[in-house]
Amino acid sequence: MKHIPFFHRLGAASLAKSALVVLLTMILCPDCAIPQNSDTDFVLSGRVQTSGAQMLDAVQLRVEESGSQIFQKTIELTNDGSFTVHLGSLHSKQIMCTFSAPGFNPQRVTGLTGGTTAVSLGLVRLSPFVELGPVSVARGEDGYAVVDFWVTSHIAKSLTFVNVSITSSQSIAGPCFDSDPILTLRFTMSAQRTSQSQSVSTVLHIDSGGSAGTHSQPTLQVNGEIERDSCGPLMLRLAAPYSFTLTTDDQSTPRKIRLEVPVTVAVPKLGIVHPDWDHATVTAEMDTLEKISGSPK
Amino acid sequence: MAHPSNAPMKDSATPNLLSTLKAVGPAIGAATAFEVAAKTYFGTKGFFGLVIPIASAVGLLITSAYLFLAKVRLDKKKSQKTPRFSDGVRVVGLTGAVLFTALVFLRVWNARPNAIHGETYEAGFFCDAASGLPIGDANVVVLSRGGRPMSSSQDLDSRGFFYAELDKWSFLPGSIQVFGKNCKVSEPVDIESGGKNLCSASRDADNPASLAIHQWRVKCQ
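Chains as they are written, first to last, in the numbering used here: chain B, 1 to 297; chain C, 1001 to 1221.
Treat the hints as calculated values from the structure; they're not laboratory data. A quick note: this is a predicted structure, and the numbers were derived from the prediction, not measured. By construction, the Cβ of each residue, glycine as well, lies at the ideal position given by its N, Cα and C atoms. Incorrect hints may have been included.
Cut-off 27 Å, straight-line C-alpha distance, at most; resulting in silico cross-link-like pairs (DSS-like, lysine-lysine) [stated by the list, open to error]:
1. B:K291 / B:K73
2. C:K1184 / B:K157
3. C:K1196 / C:K1184
4. B:K291 / B:K157
5. B:K256 / B:K291
6. C:K1181 / B:K157
7. B:K256 / B:K157
8. C:K1196 / C:K1045
9. B:K157 / C:K1219
Some chain C residues well away from chain B (every beta-carbon gap over 10 Å; in silico) [stated by the list, open to error]:
10. L1017
11. S1019
12. K1022
13. A1033
14. A1037
15. Y1041
16. G1046
17. I1062
18. R1073
19. K1081
20. L1103
21. A1130
22. S1153
23. S1175
24. S1186
Could you build the full structure based on these sequences and the hints that come with them?
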């Protein structure tokens, strides 16, 4: 019987070829040996912190992978601003996460997988470009509540607001109805710009009776909406189409806006509604459709 | 009578040195002068910055090898050859050959394709040299040591961070070209010039420890 060397029996030549191929593959393409698992769920985490006084309890998060959007959602933040979201499978090593919130400059942060299924972004700092607040409420004369709020620009360019609205619930729950009342009311508003020497920049007087009051500016129509989900309190929202602009000179200088709102509103079918202005929410809408809100503390 | 430069020289040091210099001096001078002149003309970066040192080292290697290996035939009728240079010169030639072989390998290794023990990615932070703050609204391209782009254009994020996957068939990564809208950086940034803890935004990041992340401070124009 012819003697066959051990290595020949094993197919030394083919083994050597295989080893060479593996070696070359490892040298030339280190990542080829690591298959991407398409079923793996990647977890994205981090912490969001604001540099202004305004705190956030939620932010809008958009995640892109290789230029394609794979995730977009408003995510809740914990008390310390932390968040964790599940992204599903990823096919590349990096993602681009964009955080945005009303009144804040969006932040684009790169996330890297680093060979694991956890993507940690660390601390994401959001800086405000405009702030609304603080909001304070006082009892005015002639059955009006005075709601003051501050608007502060943090950027060196003009910001234009096109709408100011205030929303509040009735302090006492009304009777239940078979169908939820959704009524649109009409109010009138007169705007008065006060002099520079006074602390209040503008007074917006909203009158439910239709008269312009004592202010000299022409009246504007204000839409008021009454709505209710169930037997709970009635919700009143007044949207004033008041336009004002914060210029570059206003940067870092708070401007005070005053809303004079009626304490009681006569609503057909419902009678007298008593909005709880002490717990109202003031919203200012910019020409970019971005809205910033604030409530009395 | 044999020509002085072709005769074996083992008698005195001075004739040896003179004849050796006559034989290989021009070659040594040409090799070193070539590197200096070529670097002056073509620059020390880019493709020529890789090829010129190799060519120069190869020239010196050939010269050293010649010193060690060159032989002459004493008698035209005999096939036996004897070393052309003295033993001392041949030792110098051998030593030079060894050193220049190492130098050639080193320079060839530096000019290897990125696929051979190279980098699969480049990642890091760019910030303003004056403030340490991220340079916003910019994108970067990684250039090979040959001066050619070896990555796609990558936008810097809000932290001034980028991650770019590199072409394996280019030379090794050498520099990064920054295209900023508000921060103009004329010259590519040398990758080796990066450091640690240079950019403030890097402290907020939580990148995987397994990745090599650099930081560069650049002067905006």
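### Claimed clearance of chain B by C:A1033, with the beta carbon kept past 10 Å
holds (38 Å)
### Task
Quick one: work out the minimum CB distance from C:K1022 to chain B and report holds if it exceeds 10 Å, violated otherwise.
holds (47 Å)
### Task
Check the non-interface label on C:S1175: least C-beta distance to chain B beyond 10 Å or not.
Holds, because the least Cβ-Cβ distance between C:S1175 and chain B comes to about 21 Å, which exceeds 10 Å.
#### Entry: Agreement of B:K291 and B:K73 with the hint, judged by alpha carbon distance not exceeding 27 Å
Answer holds: B:K291 to B:K73 is near 18 Å, not above 27 Å.
### Task
Report holds if the minimum CB distance from C:L1017 to chain B is greater than 10 Å, and violated otherwise.
holds (47 Å)
### Message
If I take the minimum Cβ distance from C:R1073 to any residue of chain B, is it greater than 10 Å?
### Response
holds (45 Å)
### Query
Is the Cβ of C:A1130 more than 10 Å away from each Cβ in chain B?
holds (19 Å)
### Query
With d taken as the least Cβ-Cβ distance between C:I1062 and chain B, does d exceed 10 Å?
holds (30 Å)
### Message
If we take the beta carbon of C:S1019, is the closest beta carbon in chain B still more than 10 Å away?
### Response
holds (48 Å)
### Agreement of B:K256 and B:K291 with the hint, judged by alpha carbon distance not exceeding 27 Å
holds (17 Å)
### Query
Are all C-beta atoms of chain B more than 10 Å from that of C:S1153?
holds (12 Å)
#### Entry: Reported absence of C:K1081 from the contact zone with chain B (all CB gaps over 10 Å)
The claim stands: C:K1081 keeps its Cβ more than 10 Å from every Cβ of chain B (closest is about 41 Å).
When the structure is compared with the earlier hints, no violation turns up for any of them.
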